[in-house]
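Please arrange chains B and C on chain A, whose structure you already have, making use of the hints.
Sequences listed follow chains A, B and C, in order. Offset between the first sequence (1-based) and the numbering used here: plus 37. Offset between the second sequence (1-based) and the numbering used here: plus 37. Offset between the third sequence (1-based) and the numbering used here: plus 37.
Do not rely on the hints blindly, as some may be mistaken.
It does not matter which identical chain is meant; a pair holds if it fits inside one copy or across any two.
Unchecked claim - Straight line, CA to CA, 30 angstroms or less: simulated DSS-like cross-link-like pairs of lysine-lysine: (1) K222 x K292; (2) K242 x K95; (3) K61 x K292; (4) K61 x K95.
What the hints contain is simulated information worked out from the structure, not anything from laboratory work. Since the structure is predicted, the reported quantities are computational estimates derived from the model, not experimental observations.
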Amino acid sequence: MDKKSIEESISALDMLDCQGMFLKDFLLTWDFSDDQIQAVFQVAEVFRKMRLANLSAKVFESGLAISLFRDNSTRTRFSFASACNMLGLELQDLDEGKSQIAHGETVRETANMISFMAEVIGIRDDMYIGKGNTYMRQVAEAVQAGYDAGILEQRPTLVNLQCDIDHPTQSMADAMHLIKYFGAKEKLEGKKIAMSWAYSPSYGKPLSVPQGIIGLMTRFGMDVVLAHPEGYELMPEVEEIALKNAHTAGGSFSKTHSMEEAFEGADIVYPKSWAPFEAMEKRTELYGRGDIEGIKALEKELLAQNAEFKNWECNEQLMQKTNGGDALYMHCLPADISGVSCNRGEVSAQVFERYRDLLYKQAGYKPYIIAAMIFLARFSNPGRKLTELAEAGKKRVH
Amino acid sequence: MDKKSIEESISALDMLDCQGMFLKDFLLTWDFSDDQIQAVFQVAEVFRKMRLANLSAKVFESGLAISLFRDNSTRTRFSFASACNMLGLELQDLDEGKSQIAHGETVRETANMISFMAEVIGIRDDMYIGKGNTYMRQVAEAVQAGYDAGILEQRPTLVNLQCDIDHPTQSMADAMHLIKYFGAKEKLEGKKIAMSWAYSPSYGKPLSVPQGIIGLMTRFGMDVVLAHPEGYELMPEVEEIALKNAHTAGGSFSKTHSMEEAFEGADIVYPKSWAPFEAMEKRTELYGRGDIEGIKALEKELLAQNAEFKNWECNEQLMQKTNGGDALYMHCLPADISGVSCNRGEVSAQVFERYRDLLYKQAGYKPYIIAAMIFLARFSNPGRKLTELAEAGKKRVH
Amino acid sequence: MDKKSIEESISALDMLDCQGMFLKDFLLTWDFSDDQIQAVFQVAEVFRKMRLANLSAKVFESGLAISLFRDNSTRTRFSFASACNMLGLELQDLDEGKSQIAHGETVRETANMISFMAEVIGIRDDMYIGKGNTYMRQVAEAVQAGYDAGILEQRPTLVNLQCDIDHPTQSMADAMHLIKYFGAKEKLEGKKIAMSWAYSPSYGKPLSVPQGIIGLMTRFGMDVVLAHPEGYELMPEVEEIALKNAHTAGGSFSKTHSMEEAFEGADIVYPKSWAPFEAMEKRTELYGRGDIEGIKALEKELLAQNAEFKNWECNEQLMQKTNGGDALYMHCLPADISGVSCNRGEVSAQVFERYRDLLYKQAGYKPYIIAAMIFLARFSNPGRKLTELAEAGKKRVH
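Isolated chain A (complex conformation):
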């Protein structure tokens, strides 16, 4: 990876208007302009090239990155850790079980108490509809108020590591994967991507991945098809955003209740299970009431409902219907693989195996995407800062 290639990527960044990203939380991709979204890809690419050239990207001599995971995570946890480490921030996990939150702390209080020397706060809160993103905005308001009141000496930036609405670090890494796979962002225009529901023997999976995908991929002039059985609707407001995006970008956004139809001629397929929006709303309400019996009954109902759609499996037969029979298969991982992690799942072992390396590469962009999100929020002139880093030429491994 030579110096010139890095300089070119920085020059491309300098063409973009990304002023508004400074100090702005990254909560939903649709909060950002096309230039700003492009800036994330561009900075991520510079960081990738710098790493390949063994150049240090440590812009912080000290400082904390706080993570708060309210749901399990491997990829995102380690991606966030990698991104922060690359920039020079030390990760501290807020384990709510070990903190005093149970002992009467409010969101506002906790947010300030963990932020005295924090540059970034990453949060995963994806379990309950209407809760996760709301919580993140409460934290954002709290640290903003803390900063305005002179309590915090810096205003930490929030990065959404998956909420009930969007999963921006996932969808952005997915998009970067598409850009690298097809060669350029422009190559995505006119491509057909099928974001399809798929069967899983579990229930209650978040809607944030399919929502993130239709909310982002509609911006690149693609034909985005959303497929799911009746009853597995996404949040209407996100579908509206997808429609609006498609209109602006010159692609399309359509829906179908047939996986086959969605796969027909598709260049990219993204088959993944999720829970029905309305059921998730009901579940959130039941949890709120502490209605354990109601939750159990709902689980049973949902699993029975799922089981009606066991044929929604991404297998070779379906893949044959895609463009040239070799659409790019995507998944956020871990996937429910038929005969491997479950009897019958989202994808056949054969299809999964064929795309395994590409799936892992897809995941591999996430650390760079997260680092880019943090970087753009912390430096008002990102192009100049990257140039300084590249010119300083400090080695990552001595």
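Same frame as chain A, but now just chains B and C:
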């Protein structure tokens, strides 16, 4: 924050005799001379100014900081993490559940095993009267013996992150808050501070905060009034220290069984719940015997006892009795706020809300105080080292 | 510690052929040549001298070290943390409970997902015979495949932090302790070391320590005697390695069912409890079948079997039989100390107490050994890199 201001703070430090702090554990504030206490404030202030001036305070290229929390913590945990990170130490938490301590390790053994490359060990052990501070001293003796025997190549410094007797990082941060709020340490002379018990629907809260407050604030020439219902006595030996301090410093230390009387004309109020010392001694003994029924009976008894004093709530009516009706309200957080975190608690929502920003600022001094405690124990000539750091001028954020 | 002493140690390293260590996982000591084993001691010694001379050994500006502990650990956990920190890597623990492994991830997937920016992966997996080392090799294959496929930009190195077969960071630290204690590796020739089973009131302790000891100590021309009651056999393949090693190195490897015989004239004794190999195989199988009743029955049986050998205790009477009555007593810690951590255990309190400092020193070499293992796997020309570090002269503590 200009260079001159930093230099002035360092010069003030150079006037103080803080030689004895080198390699000395920070366990109780009354283990330290007035100059040494002042040195902590002074170094904390230099670090704060350096951070505001974007100067790196990283004095360690590598090295570990070990934390051991035997009770929940948010503020102190993140403050310790922030302080260590600012100095260049990586935090490693000794989670006793994941270690082999249950499998036969002695305190002496564990202390040495975690310390091979440790510069500092921070411990919270505040649950049992007669235990926490004793444990810290055992750890201190163990690492001292390890160092003397050539097992440890450096003698890690202990920092008390709250024990059964004192909570020095809290009381010192509280004092720094007072110094900043009133403008100078000298301005504290003659001020009246009411350290008062307050009602809480929980029981068994440590005594270390009120003890830390009366043990420290009596050193600044203040009129320190301790108020609590009968039966909520503190440890007699700490009260003696408070008396002695007040005598030396020219202030006063008095006690009352009336919250109103304590608040009368007070410049500062610190209403906070704690458990009665004798009950805590009994509880420690019951735990030692594994007497579960006895513990349950004691809990019930304590909660009933607490409930007799529900009127010990810091509310606007009481605040009206303070000097000018606007005494500074303090709390170590989290507070039991009436109508917010409980039906009836230590403080009314109205009072808490009015002082919220100041309470958060109060907490914000803790990272600097901890960093200063570590720094003074690790560098024999702190003034020169700070001057070197300031003159090196390395940026914290590039 | 002067510069010349460091240079001498580096020169000694340069005499050794350790080319093959670059990018090679450290799983079993017998995977490495004598020169390579010696190189680990040599690098560990350079790091120790550099630390004593306050020189930074930070060769990584950024990068992650991943730890995965499937069993409790204090020493190894903190040694690994210390080693990684010294080299500039930030430790991230893969807590399987918090990850999505339960949710369908394969070993191959997890291994890649945590490795995007990882330089080293340390694993402890010692509970089940036939499982731990196998798991490590699966992880190694997975990251190799990921690297070959261009998924990983670097191939992280694995370090075995204890498996079912070997405990190389322990045995190598133990050997370094012997070298330092007796003055030189050459001084070990002809020394008699008794690796003896000892009674413990617990069961199911791993075989990896005795196996690691006989597999390594037989390389130094020592007379290695393995002693245990009938029924406490080690894995036959490791005994074969010990025999072969002894033959090559010019020492001996013998077995006895008498602790007294083993101690007779010994220069070093290492009395430690372990479970019988066959019982461990049976246990692994029972766990595999989820046969809880069978496991309980086996536990009972094993404890009863152990209890027949309560006289296998290292006490002063036995120590009198050793060479001059003052053989070096070793243990990997924590030890079951009679009258301290249990009624009757592996060692009497008197013997343990007499050797306590030496035991702690023994443990103190582990951070350096681990750092050396990582370093030799990450740098193709370790001697030159160490020279650069020493000449750069960057201070660890400023």
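Hints, verified against the model:
When the C-alpha separation of K222 and K292 is checked against a cutoff of 30 angstroms, the pair qualifies only within one copy, where the shortest distance is 24 angstroms, while the shortest distance between copies is 69 angstroms. For a Cα distance limit of 30 angstroms, the shortest separation of K242 from K95 qualifies neither inside one copy, at 36 angstroms, nor across copies, at 43 angstroms. Proximity of K61 to K292 under the C-alpha cut-off of 30 angstroms is found in neither arrangement, the shortest distances being 33 angstroms within a copy and 51 angstroms between copies. With identical chains, the CA atoms of K61 and K95 are at most 30 angstroms apart both within one copy (21 angstroms) and between copies (28 angstroms).
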